[in-house]
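Engineer: Starting from the given sequences, assemble the full structure and let the hints guide the process.
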Amino acid sequence: EAGVAQSPRYKIIEKRQSVAFWCNPISGHATLYWYQQILGQGPKLLIQFQNNGVVDDSQLPKDRFSAERLKGVDSTLKIQPAKLEDSAVYLCASSLARGTTEAFFGQGTRLTVV
Amino acid sequence: AQSVSQHNHHVILSEAASLELGCNYSYGGTVNLFWYVQYPGQHLQLLLKYFSGDPLVKGIKGFEAEFIKSKFSFNLRKPSVQWSDTAEYFCAVGSSNTGKLIFGQGTTLQVKP
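Protein chains in written order, with the working numbering: chain A, 36 to 149; chain B, 20 to 132.
Some hints could be false.
[Unchecked claim] Computed list of lysine-lysine pairs in BS3-like fashion (alpha-carbon distance at most 27 Å, straight line):
{"no.": "1", "chain 1": "A", "residue 1": "79", "chain 2": "B", "residue 2": "90"}
{"no.": "2", "chain 1": "A", "residue 1": "79", "chain 2": "A", "residue 2": "50"}
{"no.": "3", "chain 1": "B", "residue 1": "88", "chain 2": "A", "residue 2": "79"}
{"no.": "4", "chain 1": "B", "residue 1": "77", "chain 2": "A", "residue 2": "79"}
{"no.": "5", "chain 1": "A", "residue 1": "50", "chain 2": "A", "residue 2": "106"}
{"no.": "6", "chain 1": "A", "residue 1": "79", "chain 2": "B", "residue 2": "131"}
Since the hints were made in silico from the structure, they are not lab data.
Structural biologist: Written out as structure tokens, the structure is:
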């Protein structure tokens, strides 16, 4: 079974630039999550999709972050404009269904904002 | 407020030593409990999980954890660690409704050969 695919693996940008991350979940997984992991901390949920609808985006800084999951499969997360404090690993995860199933994580995208 | 607290930030053990990593949580409602592991250069992967039933759960690679509801704890144990257990370990609480995970800050385990 193929895992959660993310790209790029690494990205370095200057502050105020924009950046986009892509995620392809495990086939058939209805639920998709984006987490932000700052160095030395545990992952923090940014946004959760159920198919192509948003379940929870309460922790997403909506003035600069946006995410979409067109057709309920792939997803993109965008930051515009980036700030220094956005430097982190951005993790995508997927699960078969909400609630009582395990989430599978991708390798993540390490973003450095300089 | 919902939160997860891991007792140790960095643990150093010699091979064959016993391991116990503490995890306490604060969460209203029904929860699912998880331990995830991240080996160097790899993605987060599930070590074990508790949804219901027997509070002593066994995971991969000889790890186990015990859910103690009265103490809001879910401590991870392994009787004899190996060098290959060197990794970062995360405790997480999951909503049984949405699946949203709240993670602790992680514990880095270094096992000396």
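Engineer: Hint by hint, note whether the structure agrees.
Structural biologist: Now the hints, each set against the structure:
At most 27 Å may separate the alpha-carbon atoms for a hinted pair to count; residue 79 of chain A and residue 90 of chain B meet this at roughly 24 Å. Pair hint residue 79 of chain A plus residue 50 of chain A holds up; C-alpha atoms about 22 Å apart against a cutoff of 27 Å. Only pairs whose Cα atoms come within 27 Å are accepted, and residue 88 of chain B paired with residue 79 of chain A is accepted, the gap being roughly 24 Å. Of the pairs offered as hints, the one joining residue 77 of chain B and residue 79 of chain A holds, with about 26 Å between alpha carbons and a cut-off of 27 Å not exceeded.
For a cut-off of 27 Å, the pair hint linking residue 50 of chain A to residue 106 of chain A is broken: about 31 Å separates their Cα positions. Pair hint residue 79 of chain A plus residue 131 of chain B does not hold up; C-alpha atoms about 31 Å apart against a cutoff of 27 Å.
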